[in-house]
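Using the sequences provided together with the hints, build the complete structure.
The numbering of the sequence shown is the working numbering, which starts it at 3 and goes up by one.
No lab work stands behind these hints: they were computed from the structure. Do not take every clue at face value.
[Stated by the list, open to error] Taking CB as the label site, the calculated pair distances span: (1) Asp168 x Tyr243: 19 to 27 Å; (2) Cys203 x Asn131: 38 to 46 Å; (3) Ala172 x Gln194: 36 to 44 Å; (4) Asp10 x His155: 52 to 60 Å; (5) Glu300 x Ala172: 38 to 46 Å; (6) Ala172 x Arg293: 39 to 47 Å.
[What the hints assert, rightly or not] Below 25 Å or equal to it, Euclidean Cα-Cα: the simulated DMTMM-like pairs (lysine to aspartate or glutamate) are: (7) Lys307 x Glu239; (8) Lys227 x Asp192; (9) Lys221 x Glu275; (10) Lys33 x Asp46; (11) Lys227 x Glu148; (12) Lys184 x Glu254; (13) Lys184 x Glu233; (14) Lys204 x Asp192; (15) Lys120 x Glu300; (16) Lys159 x Glu254; (17) Lys296 x Asp10; (18) Lys204 x Glu233; (19) Lys159 x Glu200; (20) Lys31 x Glu275; (21) Lys184 x Glu200; (22) Lys31 x Glu45; (23) Lys123 x Asp224; (24) Lys221 x Asp168; (25) Lys120 x Asp97; (26) Lys33 x Glu45; (27) Lys204 x Glu148; (28) Lys307 x Glu200; (29) Lys31 x Glu96; (30) Lys120 x Glu233; (31) Lys31 x Asp97; (32) Lys31 x Glu148; (33) Lys296 x Asp97; (34) Lys145 x Asp224; (35) Lys123 x Glu148; (36) Lys31 x Glu254; (37) Lys184 x Glu250; (38) Lys120 x Glu148; (39) Lys271 x Glu239; (40) Lys31 x Asp46.
The C-beta atom is built at its ideal place from N, Cα and C for all residues, glycine as well.
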Amino acid sequence: MALQKVRDASLVFRNLNGIINVYKPAGMKIKHVRAAILHNICEDLNALKANNEPEAHQIPLLEPGGAADPLLRKVNSLNLAEHVLSTGPRYQMEDIRCATVASLGIHTSGVLLFGINKGLKQSMRIQRNRPIRAYHVTGQLGKATETHLPDSHTTLKANYRHVHPDRLSALVSSLQASHQRKMFELCGVDMQSQAAYEIACKGLIRPANNSQPIIYGIKLIDFQKPHFTLEIHAINESESYLATLVHEIGIELRTVAHCTALRCIRHGKFSVEGALLRHAWNLPGVVRNMREQKEILEAHPYLLKQDRIELRN
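Now the structure itself:
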């Protein structure tokens with residue numbers, strides 16, 4: 003069903019509740035993304051019909067002259083107490099509650115989820131259930147930096163001619179296997195018990211806490227020496243953790259490497275294809291995107307409530 007045009011600002015504001023999927027550009031902090039979205043929403047709300055200046059009131063006044071023959075006439079007078087120049091904009095950024103579901107670092111681009119107003123409760127539930135996030139992480143062989151990120155000082159250079167894609171693929175496969183073993187250890191059961199066997203039969207499982215990063219999948223998807231790109235599926239990860247992972251992969255390959263780009267392509271069932279681009283960070287774009295994310299949550303209710311230990315993503 004197509005969206006209907008609504009020109010009543012108060013009606014739009016009352017229904018501005020839910021989750022939005024925004025594409026965060028690299029090099030932009032989350033607080034600046036949030037401020038830009040809220041500023042545009044308030045600007046569009048204040049431009050709607052309900053926020054026009056009040057109409058002039060008609061009041062009777064005495065015409066100057068003699069008291070014996072007063073003349074009445076009507077003149078226009080503005081109620082300045084309700085004028086926008088006196089009260090300021092009706093809708094301001096502080097009126098809208100907005101919080102992220104999970105953070106992204108300043109160097110990371112891609113899917114960023116926000117909960118707006120009553121959608122904050124949904125955002126907390128998604129965060130508590132910790133769905134898998136998928137990344138495309140690009141690294142560069144032959145150069146190491148202080149923070150393992152591209153804007154840091156170079157600390158070391160090394161030869162990388164001996165590195166081949168087959169060797170890199172084998173390394174990341176072994177890394178994935180070691181993290182899957184760690185996954186069962188963090189579940190809190192004895193690895194030699196029947197309970198551990200029954201859990202293993204169900205497939206991938208979620209960790210018991212949100213402090214330890216777990217990699218569920220990692221594979222090489224592009225290799226153009228000295229650059230390579232990995233697709234990583236993880237929980238409890240951070241930008242610094244992924245950058246350090248690229249650095250450690252370089253060490254294992256007997257060279258050095260640093261991370262040049264990070265892009266979150268999916269957060270649970272929320273993909274980069276449905277993310278709101280920067281030119282659409284306005285009220286119509288937010289309302290349309292909020293409706294799309296509502297349909298995703300209705301189709302996959304386990305995103306809000308996980309009732310089983312196995313991972314459903």
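Hints, verified against the model:
1. Asp168 x Tyr243: 19 to 27 Å: holds (26 Å)
2. Cys203 x Asn131: 38 to 46 Å: With a Cβ separation near 22 Å, Cys203 and Asn131 fall outside 38 to 46 Å, so the hint is violated.
3. Ala172 x Gln194: 36 to 44 Å: Violated: the Cβ-Cβ distance is about 29 Å, outside 36 to 44 Å.
4. Asp10 x His155: 52 to 60 Å: Since the Cβ atoms of Asp10 and His155 sit about 55 Å apart, the hinted range of 52 to 60 Å holds.
5. Glu300 x Ala172: 38 to 46 Å: holds (42 Å)
6. Ala172 x Arg293: 39 to 47 Å: holds (45 Å)
7. Lys307 x Glu239: Roughly 21 Å separates the two Cα atoms, so the pair holds.
8. Lys227 x Asp192: violated (43 Å)
9. Lys221 x Glu275: holds (21 Å)
10. Lys33 x Asp46: Holds. Lys33 to Asp46 sits at ~20 Å (cutoff 25 Å).
11. Lys227 x Glu148: Holds - the C-alpha atoms of Glu148 and Lys227 are around 22 Å apart, at most 25 Å.
12. Lys184 x Glu254: Cα-Cα ~20 Å, so holds.
13. Lys184 x Glu233: With a Cα-Cα distance of about 20 Å, the restraint between Lys184 and Glu233 holds, given a limit of 25 Å.
14. Lys204 x Asp192: holds (16 Å)
15. Lys120 x Glu300: holds (16 Å)
16. Lys159 x Glu254: Within the cut-off at roughly 15 Å; holds.
17. Lys296 x Asp10: Judged against 25 Å, a Cα distance of about 22 Å means the pair holds.
18. Lys204 x Glu233: holds (24 Å)
19. Lys159 x Glu200: violated (48 Å)
20. Lys31 x Glu275: holds (21 Å)
21. Lys184 x Glu200: holds (17 Å)
22. Lys31 x Glu45: holds (21 Å)
23. Lys123 x Asp224: violated (39 Å)
24. Lys221 x Asp168: holds (11 Å)
25. Lys120 x Asp97: Within the cut-off at roughly 12 Å; holds.
26. Lys33 x Glu45: holds (18 Å)
27. Lys204 x Glu148: violated (41 Å)
28. Lys307 x Glu200: holds (22 Å)
29. Lys31 x Glu96: holds (19 Å)
30. Lys120 x Glu233: Given that 25 Å is the threshold and the Cα spacing comes to 34 Å, the pair is violated.
31. Lys31 x Asp97: Roughly 22 Å separates the two Cα atoms, so the pair holds.
32. Lys31 x Glu148: Holds, because 21 Å separates the two Cα atoms, which is no more than 25 Å.
33. Lys296 x Asp97: holds (22 Å)
34. Lys145 x Asp224: Between Lys145 and Asp224 the Cα gap is close to 19 Å, so the pair holds against 25 Å.
35. Lys123 x Glu148: Violated: Lys123 and Glu148 sit about 39 Å apart, past 25 Å.
36. Lys31 x Glu254: Roughly 32 Å between the alpha carbons, so the hint for Lys31 and Glu254 is violated.
37. Lys184 x Glu250: holds (18 Å)
38. Lys120 x Glu148: At roughly 42 Å apart (the allowed maximum being 25 Å), Glu148 and Lys120 break the hint.
39. Lys271 x Glu239: holds (17 Å)
40. Lys31 x Asp46: holds (23 Å)
Of the numbered hints listed earlier, those contradicted by the structure are 2, 3, 8, 19, 23, 27, 30, 35, 36, 38.
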